[in-house]
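J.: If you're matching them up, the sequences are chains A and B in order.
Just so we're aligned: 27 in our numbering is position 27 of the first sequence, and the numbers increase by one with no gaps anywhere.
Just so we're aligned: 1009 in our numbering is position 9 of the second sequence, and the numbers increase by one with no gaps anywhere.
Check each hint, because a few of them may be wrong.
Claimed, not checked - Partial selection, computed: residues in chain B whose CB lies under 10 Å from chain A:
| hint | residue |
| --- | --- |
| 1 | I1042 |
| 2 | Q1058 |
| 3 | L1069 |
| 4 | L1157 |
What the hints assert, rightly or not - Below, a list of computed lysine-lysine pairs in the BS3-like style, where the Cα atoms sit at most 27 Å apart:
| hint | chain 1 | residue 1 | chain 2 | residue 2 |
| --- | --- | --- | --- | --- |
| 5 | A | K102 | B | K1116 |
| 6 | A | K102 | B | K1133 |
| 7 | B | K1116 | B | K1088 |
| 8 | A | K58 | B | K1133 |
| 9 | A | K58 | B | K1116 |
Read the hints as simulated data drawn from the structure, not as lab findings.
Cβ atoms here follow ideal geometry from the backbone N, Cα and C, with glycine treated the same way.
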Amino acid sequence: MEPGIYHLLFISTALFFIGVFGFFTRRNLITMLMSIELILNSVNLNFIAFNKYVWPGKMDGLFFSIFIIAIAAAEAAVAIAIIINLYRSHQSINVETAEDLKF
Amino acid sequence: MNGSTIVFYLLSLLTLTFGILAVTTRQIFRAAIYLLFALIGIAGFYFWMAYEFIAAVQIVVYVGGIVVLIIFSIFLTQQTGEELPKQKMGRSLFSALAVFCGFALTIVQVLQHSFKGDTTEAISPTVFNIGTKMLEVNNSGYALPFEVVSILLLAALIGCIVIAIHNKPVTK
């Protein structure tokens, strides 16, 4: 069977939920960030697949992907700055040690 | 079963295998390397769909930028050779259950929907077409989002410096 939009949507759904699983189970901030990257990538794949198979006459999906990549890069940089700052003050990047704001 | 189909299934095998390994392995450095291969697999999908520009952007930004940044932060924050603590059985079990239910729900919805392709002529995603469209101000061009994203990147850059800067204790 020739791969089409359903195959690509299956792959991106599977990647999305792999990322969600990682986000639920991991307790280390860097590995949680990795799960978020997987989720964002599955969304990009989805946009490109829709652009190619459903609206080939427009380029909206492509531009959404480009902007998502740019925003994801900014997000990763800010997240890693926060993680390093947290490590400096708590000597750990486990989410369960960072509960100073918990009431 | 032609060559393109075989390449597609190989790519999906690579991406999903390394994606699962990246979220389940207990050695954090290996998780970063598996994530790298999963991102390369996604770039391969973009090449497979003949979106070369976005595949190149994916490799440059994710593989060359974000994964290297993650590896550096692992070096800065982890003790070498230390494994991540084992997860509680109940937590991973319930996560797997929730993820499986969500996956099944989504995939059933997707398979029930029939996507009707647009019949207008396809625009080929060359760099020329992308650049023209991105800098266009008329005809629903993308000049304004481009500007907004540039300001966002500048703000993120300054924000990173402000957050990560090391405040020396004031001595008088």
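J.: Can you give the numbers of the hints that this structure goes against, from lowest to highest?
T.: 5, 6, 7
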